[in-house]
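Protein chains: 2
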Amino acid sequence: MELLAQSFHMNKAVDETSYAKNSSIQSNIISVTKSVTEEAILEVLCKNFPESMGIADLGCSSGPNVLSVISNITNLLYAKCCQSGLPKPPELRIFLNDLYNNDFNDIFASLPDFYNQMKEVNGNSFGPCFIFGVPGSFYGRLFTSNSLHFVHSSSSLHWLSQVPPELDMKASTAINKGHIYICESSPQSVLDSYYRQFQKDFSLFLKSRSEEIVPGGRMVLTFMGRRFMDPTIEEGCYNHLDLLAQALMSVAAEGLIPEEKVDIFNTQYYAPCPEEIKLEIEKEGSFVMNRLEVFEIDWDGGVVEASNTVSIGRRVAKLVRAVIEPTLESHFGSDIMDYLFHRYEKFLDNHLSKTRSKYINLVISVTKSHKA
Amino acid sequence: MELLAQSFHMNKAVDETSYAKNSSIQSNIISVTKSVTEEAILEVLCKNFPESMGIADLGCSSGPNVLSVISNITNLLYAKCCQSGLPKPPELRIFLNDLYNNDFNDIFASLPDFYNQMKEVNGNSFGPCFIFGVPGSFYGRLFTSNSLHFVHSSSSLHWLSQVPPELDMKASTAINKGHIYICESSPQSVLDSYYRQFQKDFSLFLKSRSEEIVPGGRMVLTFMGRRFMDPTIEEGCYNHLDLLAQALMSVAAEGLIPEEKVDIFNTQYYAPCPEEIKLEIEKEGSFVMNRLEVFEIDWDGGVVEASNTVSIGRRVAKLVRAVIEPTLESHFGSDIMDYLFHRYEKFLDNHLSKTRSKYINLVISVTKSHKA
Numbered sequence: 001m002e003l004l005a006q007s008f009h010m011n012k013a014v015d016e017t018s019y020a021k022n023s024s025i026q027s028n029i030i031s032v033t034k035s036v037t038e039e040a041i042l043e044v045l046c047k048n049f050p051e052s053m054g055i056a057d058l059g060c061s062s063g064p065n066v067l068s069v070i071s072n073i074t075n076l077l078y079a080k081c082c083q084s085g086l087p088k089p090p091e092l093r094i095f096l097n098d099l100y101n102n103d104f105n106d107i108f109a110s111l112p113d114f115y116n117q118m119k120e121v122n123g124n125s126f127g128p129c130f131i132f133g134v135p136g137s138f139y140g141r142l143f144t145s146n147s148l149h150f151v152h153s154s155s156s157l158h159w160l161s162q163v164p165p166e167l168d169m170k171a172s173t174a175i176n177k178g179h180i181y182i183c184e185s186s187p188q189s190v191l192d193s194y195y196r197q198f199q200k201d202f203s204l205f206l207k208s209r210s211e212e213i214v215p216g217g218r219m220v221l222t223f224m225g226r227r228f229m230d231p232t233i234e235e236g237c238y239n240h241l242d243l244l245a246q247a248l249m250s251v252a253a254e255g256l257i258p259e260e261k262v263d264i265f266n267t268q269y270y271a272p273c274p275e276e277i278k279l280e281i282e283k284e285g286s287f288v289m290n291r292l293e294v295f296e297i298d299w300d301g302g303v304v305e306a307s308n309t310v311s312i313g314r315r316v317a318k319l320v321r322a323v324i325e326p327t328l329e330s331h332f333g334s335d336i337m338d339y340l341f342h343r344y345e346k347f348l349d350n351h352l353s354k355t356r357s358k359y360i361n362l363v364i365s366v367t368k369s370h371k372a
Numbered sequence: 001m002e003l004l005a006q007s008f009h010m011n012k013a014v015d016e017t018s019y020a021k022n023s024s025i026q027s028n029i030i031s032v033t034k035s036v037t038e039e040a041i042l043e044v045l046c047k048n049f050p051e052s053m054g055i056a057d058l059g060c061s062s063g064p065n066v067l068s069v070i071s072n073i074t075n076l077l078y079a080k081c082c083q084s085g086l087p088k089p090p091e092l093r094i095f096l097n098d099l100y101n102n103d104f105n106d107i108f109a110s111l112p113d114f115y116n117q118m119k120e121v122n123g124n125s126f127g128p129c130f131i132f133g134v135p136g137s138f139y140g141r142l143f144t145s146n147s148l149h150f151v152h153s154s155s156s157l158h159w160l161s162q163v164p165p166e167l168d169m170k171a172s173t174a175i176n177k178g179h180i181y182i183c184e185s186s187p188q189s190v191l192d193s194y195y196r197q198f199q200k201d202f203s204l205f206l207k208s209r210s211e212e213i214v215p216g217g218r219m220v221l222t223f224m225g226r227r228f229m230d231p232t233i234e235e236g237c238y239n240h241l242d243l244l245a246q247a248l249m250s251v252a253a254e255g256l257i258p259e260e261k262v263d264i265f266n267t268q269y270y271a272p273c274p275e276e277i278k279l280e281i282e283k284e285g286s287f288v289m290n291r292l293e294v295f296e297i298d299w300d301g302g303v304v305e306a307s308n309t310v311s312i313g314r315r316v317a318k319l320v321r322a323v324i325e326p327t328l329e330s331h332f333g334s335d336i337m338d339y340l341f342h343r344y345e346k347f348l349d350n351h352l353s354k355t356r357s358k359y360i361n362l363v364i365s366v367t368k369s370h371k372a
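Those protein sequence lines, which keep their order, are chains G and W.
Take 1 as the starting number for the first sequence in UniProt numbering and just add one per residue.
Take 1 as the starting number for the second sequence in UniProt numbering and just add one per residue.
Don't take each hint at face value.
As the list claims (entries may be wrong) - Computed list of chain W residues with no C-beta within reach of chain G, every gap over 10 Å: (1) 84; (2) 85; (3) 210.
What the hints assert, rightly or not - No farther apart than 30 Å at their CA atoms in a straight line, the calculated lysine-lysine pairs in the DSSO-like style are these: (4) G:119 <-> W:170; (5) G:346 <-> G:177; (6) G:358 <-> G:177; (7) G:119 <-> W:207; (8) G:318 <-> G:283; (9) G:200 <-> G:358; (10) W:119 <-> G:119; (11) G:200 <-> W:88; (12) G:170 <-> W:119; (13) W:346 <-> W:318; (14) W:88 <-> G:283; (15) W:358 <-> W:346; (16) W:88 <-> G:371; (17) W:283 <-> G:88; (18) G:200 <-> W:170; (19) W:371 <-> G:88; (20) G:80 <-> G:34; (21) W:88 <-> G:207; (22) W:207 <-> G:88; (23) G:88 <-> W:200; (24) G:346 <-> G:34; (25) G:207 <-> W:200; (26) G:34 <-> G:278.
Claimed, not checked - Which chain W residues stay away from chain G? Per the calculated CB distances, all over 12 Å, these: (27) 17; (28) 137; (29) 156; (30) 230; (31) 276; (32) 286; (33) 296; (34) 328.
Note that these hints are calculated values from the structure, not bench results.
No residue lacks a Cβ here, since even glycine has one placed at the ideal position from N, Cα and C.
Please build the complete structure, drawing on both the sequences and the hints.
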């Protein structure tokens with residue numbers, strides 16, 4: 001798991017293929033779920049009113065979204081403290097988490113501007129706010145016991161800690177040939193492998209957070225998911241990856257990458273359904289569910305580009321590339337990436353000319369129980 | 001100050017001129033002061049025995065020294081807990097601080113190896129240990145109130161928060177022409193400007209830490225300094241910079257950089273004497289001094305290179321370059337750097353053929369008083 005944790009990250013820097021410039025879907029999701037986040041934050045503030053408040057954004061990645069999440073939260077907190085006529089806002093400890101090789105330098109370099117903006121927006125009510133980088137996997141402990149009041153995670157928990165062992169490169173037989181995730185025709189063994197890995201990871205996530213979050217503390221989690229129990233019937237949860245598998249197979253058919261390499265490659269991704277989430281939360285037992293909502297997001301993030309010369313396939317391919325390229329690169333080599341994603345564009349354009357696919361997302365809001 | 005905080009950092013990455021490969025002096029200093037650090041850590045552990053222990057390394061920079069400091073501390077803590085037959089070691093919160101543009105990515109990438117080594121060395125007594133990156137200036141608050149038990153800082157506090165305003169580029173007249181720091185011939189106005197900036201910075205440092213450190217908590221600080229009150233009589237505290245000024249002036253004489261640019265350039269550095277340190281600690285009033293020691297370090301870090309083909313001047317120039325190049329680069333441009341440091345080598349070789357210069361270092365160990 002450590003090894004995978006090291007090679008898994010979004011595209012760095014700020015060039016055309018970077019995550020920083022291609023995170024409009026994630027930004028859209030943050031907007032959609034803003035009211036759920038606000039509701040949870042206000043609950044924590046009103047019920048606990050702590051002197052020092054620990055807030056964590058797990059799987060924060062880098063780029064503009066990181067600090068937009070944080071400034072939404074802090075602006076809301078300061079405004080609320082101001083309205084209530086409280087003598088002083090709590091000291092905020094804000095923890096930004098992602099894997100060891102996330103581009104933390106990028107986030108930290110933009111903090112001076114962030115602090116200046118905070119002062120402008122919140123004036124005198126801007127209290128002490130300390131920002132920390134927390135490198136490591138959220139599938140495990142990251143913080144000391146009872147130190148957090150609010151945990152946020154957006155567009156991260158659909159990434160597993162590893163490819164399910166039955167499907168990874170060391171497995172004796174390739175059981176998911178020609179595909180890189182669950183698809184319409186997946187055998188039961190593939191579904192089971194993915195579901196087992198999800199259960200293992202998500203239960204460890206909940207157990208770790210239950211030790212770190214104070215009783216009454218809240219957690220708002222948003223991630224890709226599906227509506228129905230059967231993962232093979234809902235295109236929105238696998239289609240974008242199945243088209244990428246088709247692009248890989250078509251590049252393999254031209255002899256540019258070995259087909260065997262495609263056969264043994266699978267993504268460390270899982271789109272759970274509401275029942276699977278509820279079951280793990282009940283089994284772990286420390287959290288009470290307040291909300292679980294399902295919503296759709298356009299494949300291109302719903303962004304209308306100024307220039308009409310860029311096809312929708314190209315826009316979608318760029319967004320997927322920003323999050324998945326490092327993983328593909330380490331397996332297939334960097335030389336083939338431009339060619340592969342160009343092919344992927346064509347498959348996407350063809351697909352989207354016939355049907356308007358959407359990503360399915362889940363947002364859940366939970367409270368750490370006082371009993372635990 | 002924010003602007004300077006952004007351009008000031010050590011040389012990044014791991015090439016020949018990087019800080020990561022040229023930090024033998026700092027590593028040597030860490031070894032020399034190890035026993036002082038150990039004494040302080042054991043005091044905190046025995047007198048306070050906290051459930052969760054906050055430890056900060058301020059101005060940690062990047063490269064191998066960062067984690068060697070931390071592993072010294074954690075190994076000592078776990079060994080001590082083991083010896084004392086304590087049921088479980090405290091949860092450790094370890095904070096690594098440096099300015100916003102420090103190479104935190106480099107530190108974080110080496111954490112998986114660090115955690116593995118910790119497990120090997122400490123076996124079952126290896127308890128929960130959480131490592132956080134803390135970007136920002138230590139001349140100001142970085143942590144919530146009463147959250148730290150031990151603060152360490154090595155080879156950082158001789159860097160001021162800014163060039164003294166009377167000596168910076170916006171000053172109406174250049175009062176330190178041909179020099180970049182205090183030297184033998186400095187007028188009183190230059191000495192006063194530097195001393196005022198030191199007082200302002202060091203008192204803010206102490207005030208910030210006094211709010212963050214718990215009563216009974218400890219701080220061990222090591223930095224370049226001098227022995228005597230008069231800063232113009234002790235070569236060990238300015239000579240390496242005066243030779244760099246001579247190299248700059250000689251490159252200017254060749255017309256490769258404008259002499260006016262050298263005239264207005266000064267370093268944001270100050271080497272205080274023991275009395276100056278004692279005075280600020282007394283004025284601030286929250287800390288009791290346990291130790292103040294003066295020691296010498298060779299200009300080349302005392303490292304004997306395998307190959308004798310590298311002159312001592314070259315070795316010293318590389319070590320100075322790793323810490324000072326980014327500041328020089330932003331003022332004089334990157335094109336001249338190789339040429340300048342080659343010239344500096346010659347000046348150093350010439351100087352060191354006549355005299356064996358040493359850096360003067362101070363180490364202080366203080367306890368946060370229970371009265372404050």
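Unmet hints by their number, sorted upward, for this structure: The structure conflicts with hints 8, 10, 18, 24, 25, 28, although it agrees with all the remaining ones.
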